[in-house]
Every structure is written in structure tokens, then in C-alpha cells.
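Colleague: Please model the entire structure based on the sequences and the hints provided.
Residue numbers (our numbering), protein chains in the order written: chain A, 4 to 226; chain B, 939 to 1017.
Source of the hints: derived by calculation from the structure; they are not laboratory data.
The structure displayed is predicted, hence computed values, not measured ones.
Just so you know, even glycine gets a beta-carbon here, dropped at the ideal spot from N, CA and C.
Misleading hints may appear alongside valid ones.
To be verified - Negatives, chain A to chain B, calculated, CB over 10 Å: (1) GLY83; (2) PRO103; (3) ARG160; (4) ARG170.
Said to hold, decoys possible - Chain A regions said to be covered by chain B (calculated; three or more residues, Cβ under 8 Å): (5) 44-51; (6) 108-118.
What the hints assert, rightly or not - With a Cα cut of at most 25 Å, we get these calculated BS3-like pairs of lysine-lysine: (7) LYS1002/B <-> LYS113/A; (8) LYS77/A <-> LYS1002/B; (9) LYS957/B <-> LYS113/A; (10) LYS5/A <-> LYS26/A; (11) LYS113/A <-> LYS949/B; (12) LYS1002/B <-> LYS978/B; (13) LYS1002/B <-> LYS81/A.
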Amino acid sequence: MKAAVVVFPASNCDRDAAVALEKITGRKPAMLWHGDATVPDGVDLIVLPGGFSYGDYLRSGAMAAHSPVMAEVKRRAKAGTPVLGICNGFQILTEAGMLPGALMRNAGLKFVCRPVKLKVETSQSIFTNKYAAGDVIEIPVAHHDGNFFADDETLDRLEGEGRVAFRYAEGTNPNGSARDIAGIFNESKTVLGLMPHPERVIEPLLGGTDGRAVFESLMAAIG
Amino acid sequence: MKARVHVTLKKGVLDPQGKAIGNQLSALGFGGIGDVRQGKFIEIELAETDAARAREAVKQMCEKLLANTVIENYAIELS
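Modeller: Quick look at the structure:
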């Protein structure tokens, strides 16, 4: 797998993502700058990392969604290259129109930074094939704007098409997210956006290993 | 020409910040506070002098960047 991590001004989980990718795939990812107009040939996974790109100006992810590199990320995604957006990366994907819905201010207004329990909704994807549907895992969240919103029709469609990847376990929704949604796929299930940070729990020293399977799934699917 | 853009959350979209502002106003002793909704105000100087063209351009700006039309409405004033 030849991964690339996009670095925006004020990304802050880009290196965590790079370490996770290197540890699990055995290969250092390429680090791309937001101003880059191209993505290197042969890249078969693009990661949009967590952070506060452009200081969250206007709306979280709004500025980054229009940065030069995103035009190319969109083109690659359309051609089938998998894209993983974590936290701010998820916000960027919705702002760029690559995933439906929007991520609004947490219902409790507080920045939430703690491990949360997630239910894996499907193992039928390149991102989740190393989990079993129904698995309950623990992965940290760290966000102020993670309250997923979409109209009922969109939510019904996401559920009907099996495009909900992860939900917060019942009764533990940390941000008011619609239908407890923590992560969703695009139509072809080649783009995943999620608020929790799997890259932060890839070895026991970091407090857990429940995030490893996201990267192991990608390894299994992409090689 | 100057454009003034108001961006507000759509009806039915929860506005926890507006709610917190309302609660605080009541706590400060202001009576009769009903629903409070907060939004953004953006002022843009434009070289364009034709109002119709300016409005169309600002509308594009709103659709592309200034508002997230999944959750927000916008209103444009020109002067």
C-alpha cells in the first residue's frame, strides 16, 4: 500500500496517522502539503488527518475543502482511490461534498476529548473487513464539531444502503450526532469519514489497539 | 458596492449556541426571552457596480463557501 497523508495548516494528527500507517503497512506514507496541486502516481490511499485546518475559520473544514490539493483528492476519489478522513478529515469531506451531511457544534457545546465506545455497523468495506459487524470497540474522540446532521431522507438512505460505518454505542453519544452516527461511507464505500481517531489506538502503549483493524482492513483490501 | 451576507441555521436545525445565549440572557434577568438563533454576518467589498451581477456573484460565493447549505440559509443585502 502506498498511502499519502495530506497536511493542512493546523492539521495536528498528520504525524500520528503517518506513524500508524508506517507501523501497520511497513511503508512510510507520502506527506502532501495542502498547496500541492498533484498527488504522486501510485498512491492507493489518501488520508485527511485530524486537526483544526485553517483554524476552523468560517466552519470546520470549510477552507481546507477548497485548498488546491483537494481538487486532486476529489479526482482520485472519483476514480476509485480510497480516502480516509479522520475527525477534521471527516469535516473536510462533508464540506467538499464528498460525503453527505454536515458536522455541527457538539450539542453540549463542550469540546469532547475521551475514549468512546463504538459499534461497528458493517464489516463489508475496505475499511472495516477486519472487524465483525456488531463489534463494540473503544476509540478516542477529540472534537468540538462532531454533531453529524443530515435530513431524514439522507439518513434513511445512508442506513438503507449500509453506509453507516460506526455508531456511538447506545446511550453514549458524545455530541448529539443524528442516529448516533460516528462514521459514514460514500456511495461506493471507498471514502470513509469518521470522528473518532483510530490512529491513536494502534498499540498497547497508547492505551489500546482497537483502531488497528481500520488500517489492517485497508492492508487486506489494498495490499 | 458592498455586500452584506447573513448566514443563519435553517429552521429545524438545532442551535445549541443560540440556546446557550438565550439561557444566559434569562439568567441576566432579561425577561420574556423566546427562541434565540445565532448566525454569521459577513461584509464584502465588491468592485462590481451592477447590482444584478453583484447579487449573482455573491450568491455563488454563498453557495460555494460562505454558507453550508446542508444546514444554513443565507440572505444578501447590497448597498
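Colleague: All hints, please: hold or fail.
Modeller: Verification of the hints:
Chain B leaves GLY83/A outside its interface by the beta-carbon criterion, the shortest separation being 25 Å against a cut-off of 10 Å. At roughly 8 Å from the closest C-beta of chain B, the C-beta of PRO103/A falls inside 10 Å, breaking its exclusion from the interface. Every CB of chain B is more than 10 Å from the CB of ARG160/A (nearest about 14 Å), matching its label as outside the interface. With a minimum CB-CB distance of about 19 Å to chain B, ARG170/A clears the 10 Å threshold, and the non-interface call stands.
With a cut-off of 8 Å between beta carbons, the segment 44-51 of chain A has 0 residues touching chain B; three or more are needed, and the interface restraint is violated. For the segment 108-118 of chain A, the assignment as covered by chain B holds, since 5 residues bring a beta-carbon within under 8 Å of that chain's beta-carbons and 3 suffice. Between LYS1002/B and LYS113/A, the direct Cα distance comes to roughly 28 Å. Violation of the 25 Å bound is thereby established for this hinted pair. A distance of roughly 16 Å separates the Cα atoms of LYS77/A and LYS1002/B; the hinted pair therefore holds under the 25 Å criterion.
Of the supplied pair hints, the one linking LYS957/B and LYS113/A holds, its CA atoms being roughly 14 Å apart against a limit of 25 Å. Restraint check for LYS5/A and LYS26/A: satisfied, since their Cα atoms lie roughly 13 Å apart, inside the 25 Å limit. In summary, the hint linking LYS113/A to LYS949/B is supported, as the alpha carbons are separated by about 23 Å, within the 25 Å threshold. Between LYS1002/B and LYS978/B, the direct Cα distance comes to roughly 16 Å. Compliance with the 25 Å bound is thereby established for this hinted pair.
Between the alpha carbons of LYS1002/B and LYS81/A the distance comes to roughly 20 Å, so the proposed pair stays at or under 25 Å and holds.
Consistency with the previously given hints fails for numbers 2, 5, 7, ordered from lowest to highest.
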